[in-house]
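Participant: Order-wise, the sequence lines are chains A and B.
Reading the first sequence from the start, the letters are residues 1 to 92 in the numbering used here.
Reading the second sequence from the start, the letters are residues 1001 to 1140 in the numbering used here.
To be clear, the hints were calculated from the coordinates, so they are not data collected in a lab.
Possibly wrong hints are sitting among the right ones.
Stated by the list, open to error - DSSO-like cross-link-like pairs, simulated, lysine-lysine; straight-line CA separation at most 27 Å: (1) B:Lys1062 <-> A:Lys51; (2) A:Lys80 <-> B:Lys1062; (3) B:Lys1062 <-> A:Lys19; (4) A:Lys19 <-> B:Lys1061; (5) B:Lys1061 <-> A:Lys74; (6) A:Lys19 <-> A:Lys51; (7) A:Lys51 <-> B:Lys1061; (8) A:Lys19 <-> A:Lys80; (9) B:Lys1061 <-> A:Lys80.
As the list claims (entries may be wrong) - Under 10 Å between C-beta atoms, here's a sample of chain A residues computed to sit facing chain B: (10) Thr9; (11) Asp64; (12) Pro85; (13) Gly89; (14) Gly90; (15) Ser91.
For glycine and all other residues, C-beta sits at the position ideal for the given N, C-alpha and C.
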Amino acid sequence: MAIEVRIPTILRNLTGDAKVVEGSGDNLSELIADLDNSHPGIAERLVDGGKLRRFINVYLNDEDVRFVGGLEAKLSDGDKVTILPAVAGGSR
Amino acid sequence: MLRIDRSIHDQIVAHARRDHPDEACGVVAGPEGSDRPERIIEMLNAARSPTFYEFDSTEYKKVYDELWDRDEEFVVIYHSHTATEAYPSRTDISYAQWPQAHYVLVSTREADTAEFRSYRIIDGEVTEEPVEITGAGTDR
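Excised from the complex, chain B in its bound form (with noise of 0.2 Å):
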């Protein structure tokens, strides 16, 4: 189960609205073996694609290296698919090499609402999982 404070939910499905058409993608850094998401970084798409993301190289290492200083891993991965349900496509699912984290697919297709799911992606094999959303949040 993926437990995520309202605030975060929000800022990740603002950050798909913003890109869309393109996807969005990102992190949630959380103290290493907490799994708890707690600091959300909005990452560049280096594709810029409405089809395909990809982090930007240097920034990645950049970010990676701020979370080795401080002792924090990624506990969520998210992108958006614009078009598509959230579910883990075929390069998804060849692309998820993180263990420990949640992947989260959020869909922008429809304009009033947002697809909001969560995964394990281990060795090829997905399997979702309940999202449970935490905190008062914002007043949106």
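This is chain A alone, in the form it adopts within the complex (with noise of 0.2 Å):
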């Protein structure tokens, strides 16, 4: 089943330039183990010590995943994934 995923400028550089691209996952944790064997180096950016990055939003269609079950989120053919570095930062 193909789960399309927009990439973020910054992570390009795995995709070969490509702001989109196809992967399948029955979770969200399959889905960036198959995306990391198309485009090795992937997963290590998402994830960390079993979970997402603290410094990366993905979306499960509109959703932050973050709400919908993280990693476990479960996945359907035709869904969208998001990946967006968060935007924050402070005077401190």
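Dock chain to chain to rebuild the complex, using the hints, since each chain is given by itself in its own frame.
Facilitator: So this is what it looks like as structure tokens:
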């Protein structure tokens, strides 16, 4: 089953500059493993110690995956996953 | 160098003033690859804090989808510092993950003058760049 994944600029060096790639998996964790097979290095940029990195937002369709199961979030054919680097900072 | 229209510059400063003493944040979108900041989008600061800002996750996704559909990108990502100078903090640098963006900082620590400065932040390295303000702008 195919899941469309939108890749942010900062990770496009891992996808041969592709803005969109396809992957498969029954949940987000499997999808990331599958993406890492075709685009080695991407898993490390998204996951650390079995959790999504704090500096990265991942969305399943319009939902932040943190609210729908994180790495265990269930995926279905035709779902769209969007990866965005968090935008944050501050004076300290 | 960042070239930015005076009206957009003024809107960024006005947003920073309005949200003071909390930090304000937002983006200016432009056509992909153009380096032209054309469309300002004020974002919510989900942290609502005088020392921290963070895009609201849901709003960020919505804005990004809109940019995607219009073949635009983040040309400028701005935020304010409300008690310190307009220079990227260590936190700002560690979160800077849009390599094509001009990171604009506005300081509102002085009531009558706003510091408006722009930086490239790539792989943790900060480079300040000149800002050229173009156009006639608003009568203020």
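Participant: If a hint holds in the structure, say so; if it doesn't, say that too.
Facilitator: Against the structure, the hints come out as follows:
no. : hint                  : result
1   : B:Lys1062 <-> A:Lys51 : holds, 24 Å
2   : A:Lys80 <-> B:Lys1062 : holds, 14 Å
3   : B:Lys1062 <-> A:Lys19 : holds, 17 Å
4   : A:Lys19 <-> B:Lys1061 : holds, 16 Å
5   : B:Lys1061 <-> A:Lys74 : holds, 20 Å
6   : A:Lys19 <-> A:Lys51   : holds, 24 Å
7   : A:Lys51 <-> B:Lys1061 : holds, 21 Å
8   : A:Lys19 <-> A:Lys80   : holds, 13 Å
9   : B:Lys1061 <-> A:Lys80 : holds, 12 Å
10  : Thr9                  : holds, 6 Å
11  : Asp64                 : holds, 5 Å
12  : Pro85                 : holds, 3 Å
13  : Gly89                 : holds, 4 Å
14  : Gly90                 : holds, 4 Å
15  : Ser91                 : holds, 4 Å
The structure shown violates none of the earlier numbered hints.
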